[in-house]
Amino acid sequence: MSAEAPDSLDGPVEAPSVAFRRVTKRYPGADEPALAELELEVPGGEICVFVGPSGSGKTTAMRMVNRMVEITEGDILVGSTSVRQRSPAQLRREMGYVIQQIGLFPHRTVADNIATVPRLLGWDRKRVEARVEELLELVRIDPALRDRYPAQLSGGQQQRVGVARALAANPGVMLMDEPFGAVDPSNRERLQNEFLRLQAEVRKTILFVTHDIDEAIKMGDRIAILREGGRLAQYATPAELLMAPADDFVEDFVGADRALKRLALMRVSDIDLWEAPLAHVGQATSEARAKLPEAEVPYVLVIDAERRPLGWLSDDDLLAETVPAKPGTSPDPVLELDDVMRDALSDLLQAETRYAPVVDSEGLIAGVLSVEIISEFLTSPEALTEERPAAERPLG
Amino acid sequence: MIELSLPIAFLHSFTGAFDFILHQREAQTRFVQVGGLGQVWELTRTHLEVSGLALAGSLALALPVGAALGHRGRGEMFAIGLGNAGRAVPELAVIAFLVAFIGIGLRNVVLALMVLGIPPILTNTFVAVKQVDRDAVGAARGIGMRETQILTRIQLPLAVPTIMSGVRTAAINIVATATIAPLAGVLTLGDFILSRNVYGDQGVLAGAILVALLALIVELSLAGVQWLLTPRGLALQRERAAA
Amino acid sequence: MIPVIAATVKVMLPLAQLPSNFVHHHSTTTCVAENRFFCADWAAHNFDRYVDPALKQALLVSVSVAVGFTVAMGLALLSHRQPKLAPTFTGLTGVLYTVPSVAFFFLLLPITGFGTDTAVIALSAYTLQIIYRNIVAGLANVPEEAKDAGRGMGMSQRDLLWRVELPLAVPEIVAGLRVATVSTVALATLAFFAGAGGLGQQIYSDLTFKTNIIIAGGLAMLMAILFDLVLLVIQRLATPWLRAGAS
Numbered sequence: 001m002s003a004e005a006p007d008s009l010d011g012p013v014e015a016p017s018v019a020f021r022r023v024t025k026r027y028p029g030a031d032e033p034a035l036a037e038l039e040l041e042v043p044g045g046e047i048c049v050f051v052g053p054s055g056s057g058k059t060t061a062m063r064m065v066n067r068m069v070e071i072t073e074g075d076i077l078v079g080s081t082s083v084r085q086r087s088p089a090q091l092r093r094e095m096g097y098v099i100q101q102i103g104l105f106p107h108r109t110v111a112d113n114i115a116t117v118p119r120l121l122g123w124d125r126k127r128v129e130a131r132v133e134e135l136l137e138l139v140r141i142d143p144a145l146r147d148r149y150p151a152q153l154s155g156g157q158q159q160r161v162g163v164a165r166a167l168a169a170n171p172g173v174m175l176m177d178e179p180f181g182a183v184d185p186s187n188r189e190r191l192q193n194e195f196l197r198l199q200a201e202v203r204k205t206i207l208f209v210t211h212d213i214d215e216a217i218k219m220g221d222r223i224a225i226l227r228e229g230g231r232l233a234q235y236a237t238p239a240e241l242l243m244a245p246a247d248d249f250v251e252d253f254v255g256a257d258r259a260l261k262r263l264a265l266m267r268v269s270d271i272d273l274w275e276a277p278l279a280h281v282g283q284a285t286s287e288a289r290a291k292l293p294e295a296e297v298p299y300v301l302v303i304d305a306e307r308r309p310l311g312w313l314s315d316d317d318l319l320a321e322t323v324p325a326k327p328g329t330s331p332d333p334v335l336e337l338d339d340v341m342r343d344a345l346s347d348l349l350q351a352e353t354r355y356a357p358v359v360d361s362e363g364l365i366a367g368v369l370s371v372e373i374i375s376e377f378l379t380s381p382e383a384l385t386e387e388r389p390a391a392e393r394p395l396g
Numbered sequence: 397m398i399e400l401s402l403p404i405a406f407l408h409s410f411t412g413a414f415d416f417i418l419h420q421r422e423a424q425t426r427f428v429q430v431g432g433l434g435q436v437w438e439l440t441r442t443h444l445e446v447s448g449l450a451l452a453g454s455l456a457l458a459l460p461v462g463a464a465l466g467h468r469g470r471g472e473m474f475a476i477g478l479g480n481a482g483r484a485v486p487e488l489a490v491i492a493f494l495v496a497f498i499g500i501g502l503r504n505v506v507l508a509l510m511v512l513g514i515p516p517i518l519t520n521t522f523v524a525v526k527q528v529d530r531d532a533v534g535a536a537r538g539i540g541m542r543e544t545q546i547l548t549r550i551q552l553p554l555a556v557p558t559i560m561s562g563v564r565t566a567a568i569n570i571v572a573t574a575t576i577a578p579l580a581g582v583l584t585l586g587d588f589i590l591s592r593n594v595y596g597d598q599g600v601l602a603g604a605i606l607v608a609l610l611a612l613i614v615e616l617s618l619a620g621v622q623w624l625l626t627p628r629g630l631a632l633q634r635e636r637a638a639a
Numbered sequence: 640m641i642p643v644i645a646a647t648v649k650v651m652l653p654l655a656q657l658p659s660n661f662v663h664h665h666s667t668t669t670c671v672a673e674n675r676f677f678c679a680d681w682a683a684h685n686f687d688r689y690v691d692p693a694l695k696q697a698l699l700v701s702v703s704v705a706v707g708f709t710v711a712m713g714l715a716l717l718s719h720r721q722p723k724l725a726p727t728f729t730g731l732t733g734v735l736y737t738v739p740s741v742a743f744f745f746l747l748l749p750i751t752g753f754g755t756d757t758a759v760i761a762l763s764a765y766t767l768q769i770i771y772r773n774i775v776a777g778l779a780n781v782p783e784e785a786k787d788a789g790r791g792m793g794m795s796q797r798d799l800l801w802r803v804e805l806p807l808a809v810p811e812i813v814a815g816l817r818v819a820t821v822s823t824v825a826l827a828t829l830a831f832f833a834g835a836g837g838l839g840q841q842i843y844s845d846l847t848f849k850t851n852i853i854i855a856g857g858l859a860m861l862m863a864i865l866f867d868l869v870l871l872v873i874q875r876l877a878t879p880w881l882r883a884g885a886s
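Chains as they are written, first to last, in this note's numbering: chain A, 1 to 396; chain B, 397 to 639; chain C, 640 to 886.
By construction, these hints were calculated from the structure, which means they are not laboratory data.
Among the clues, some could well be false.
[What the hints assert, rightly or not] Estimated spans, in silico, between C-beta atoms of each pair: (1) 474(B) to 55(A): 45 to 53 Å; (2) 682(C) to 549(B): 49 to 57 Å; (3) 869(C) to 79(A): 54 to 62 Å; (4) 876(C) to 200(A): 38 to 46 Å.
The model shown is predicted, which means the values in this text are computed figures rather than measured ones.
Using N, Cα and C, we set each Cβ at its ideal position, and we do this for glycine too.
Bound conformation, chain A alone (with noise of 0.2 Å):
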C-alpha cells in the first residue's frame, strides 16, 4: 500500500489553501452581480461553510473554484496557482465534488461510480480496486454492496457513496453543495458526525454550502455570511459569529435561529416556571379571588383532592359562591416536565392560549408555563452564550 501512497490516505495529505481574490460574477443581463468582489482565504485542512439566504451566491462562490462557472473579476488561488490558469477538466479532476441531489450515476455500480475519477485520470485496474476497496471501508460501507446500483440503496448510503466517489482521486480540495439536503432530517445528524470523524481523518480543505445555519454552526471551522446581491457579511470562526455578529443582518440570520434551537435541547423542567392561584373544589370563589391582583398568572387554577389540574376558573365561575368541580375553561394543554420546550411552546400556540398547567410524573401539579416565559428566557444572554463551535468539540 505504501508504493501507492500518492493516493493513499494513509500519509499526511497536503490540502492547499483557496484563497478567493476579489471575486466578482456577473451573469450577462442581471442588474446586479450573482457575487460581488469575495475576499476571503480558507486555510488548508479547514471546513468553510459558504451560508446565506437564495440569492446570496453561495453555491456560485463554490462553483467558481473548479471552473463550474465562469469568473467574471478577480482570481480564485488554489495553493499558489490560479485556477484560471489551469483546464477545467484537470482542476475539476483534482477536486471532489458532492451535490446536494448527490448525482450518482444510477446505471453505474457502486464500485464504478466511485472509480470514476480514477479511470478517467487513467489508473490501472488494480490500482482503481484497491482505492476502491479502501474508500468502502472509509466510508463505511459494506463491501458487498460493491456491486449493487444506486437505486438499491438508502438515502443515507447513497450519501456515502457520493462522498467516496468524490473522494476517489485523493484530492487535497472538496465542493460540497448542500451536501445533505436530501438526507431526511433523522439520518442527517448522523451523516454530519461521520464527516466530521472522516475530515478528522483526511484532512481536506472543504468548502461546503448550506442555507441552514444550524449545519453551519455544526460543521464550519470558519463561516461565510453571505448576503443578497452576493455580499460578504461576515467572515470569522462559529464561535465569533455568535458572539460578535458584524451587523443586523448577520445577527438576524444567526440570533433568532440558534436561540430556538436552543429550545429543542430544554425540557420544561430547565426553566423557572410561575405559580397561578390554585382553589380546590368546593372552595368559596371568594378566596380565589382574593389571591388573584398579587399573583403572577391572572387566572384561578382549580385542582382536585390529589392536586390534578382540572380546569380555569371563567368569569362567570367567579361570580359563583364556590369553586365548581368542572370549571368553565378545560385546563388543555396540559404540559408536563419532561417536554421538549420547543414541542411545549408550540403546544402553546396551537391551543391559542398564553397559559398552561405544567405536571410532574404523576400528573401533580408543578407550576404554569407561560409564552411570556419562553419569550424572556430567548431574549436573555444565557440564550445566546453556550453554544461550541465546532472546532472546540470532540469530533463524532
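For chain A, the structure is supplied; the task is to place chains B and C on it using the hints.
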C-alpha cells in the same frame, strides 16, 4: 453535360407528372380519357371521403373507450397492447383480408381503415387521460366536481396534445392506406399509382405527388386543429418548460 | 362499378411481376377450389414459397432500421450540441414520416430506380422521426444532477455523452427503435411496389385466396413480434441497472 443528365431526366419526369395532373390525355389502354383536374378532383374526393369516414368512425369508437378506461385507470394491458398490436398489422394485409374474406366496396374499406385508426387514438387517449396531473384531478374532486365533469372539464382538455398526436398518427395511417384502397374497389388517388397500365409512368408519378401532398395537407390541418383545441394555459406551461 | 374494378385488378398484376393467380396453377383440391377459410394441406405443401420473401423482408427491415438509426443518431447528436437545429430536424423528419410510403416509393423511382435501394431509402426515411424523437427525449431526460456530477468530476463533453448521457438514454432509444421496427415490418409488406419483394408480393399475387392472405399476413405480424422481442432482450441486457430491484 453528363452530370446534368440525371437532374434533367428527373425534372422531365416531374413536368410530365404535372402535365398529367393538369391536362386530360388518352389512356395507355386507349379509348378512354384519363388525367386532368376533373379526374384528380374525383379521386381526391373519394380519398378524403373514405379517409374522413374511417377517421370519424375511429374517433367515435376509440375516444369514449380510451377516455373511460383512462379515467378509471383500468384496462392498461388492453389499451397499451392494442396500440402495440395495431402497429404490427400490415396495411396491405388488412386490405387483402378485406378482399378475400369480407368483400369490396366503400363501407368495407372504411371498416378496414378503422382497424388502423382505432389503436393509436385509443392508446393515446388512455395514456393522456390517465396521466393528467393527479393534483388537478384531486383539486377538482375537492371542489365537488362529479366524475363526468372531471373527465370532460379537466382531464380531456389537459389530454388534448397527446390525444391529438394519436389522432394524427391514425390519420396518417388511414390516408396512407387509402392509397391502396383501389385493390378493394374504391378508386382513390392510389389508382393513379396502382394502374400504371392505364395511366402510364407520368400518371404513376402524378399519383405519388398527389398522395404525398394530400397527406401533408391533412397532417398540417390536424396540427392546426390541435393548436386550436389545446388550452392556452397548457401551451404556455409547455413553452415555459421547454425554455 | 364492378367491371371497372375487375379491369383495374387485372391491369395491376403485371406490375407485381408474378405469374398471375398461382393458386390455379398448382392446386386442384376442393378446399382450394372453394377458397375455404384455411387450407392446411395446401399450406403444408406450399409453405416453401413464403420462406424467401419472409427472409428478404426481414433483411430489408433490418437494413432500413439500421440506416434510419444511424442517420437519426447523427441528427440527434447534432441537435444535442446545437439545440437551434432541433426544430428544423423535427420538421424535416416529420414530413418524411407523413408521406405515405407507397407514394414515397414512386416518387423515388425516377431518381433511384426500381429495386431494393428505393425501398430502403423510403423505409428508413419513415423511421427517422420516431427514432430521432426518442433519442432527443432520452438525452433530455437524463437527470441534471448526474450531468452536473459528471462535469464536476472533470468529464469532457465527449466523456459525458458516452459515459453518462447515452447509457442513461438507452431505454428511450430502444423504445423508439421498437416502435420504428414494428411499423417498418408492416410497411415493408408494401416494398414490393418499389421492387424489393417481400411478403407483400405474395399477398398481392393472389388477393382473393384466403389461405394465402392468412399465411403471408400472419408471417408479417409474427415477424414484427419477433423483432420486438429481440429488441426487448437487447434493451434488458443493455440496462441491467433498471432490473436491479429498487430497495
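task: Provide an ascending list of the numbers of those earlier hints which the structure does not satisfy.
output: none
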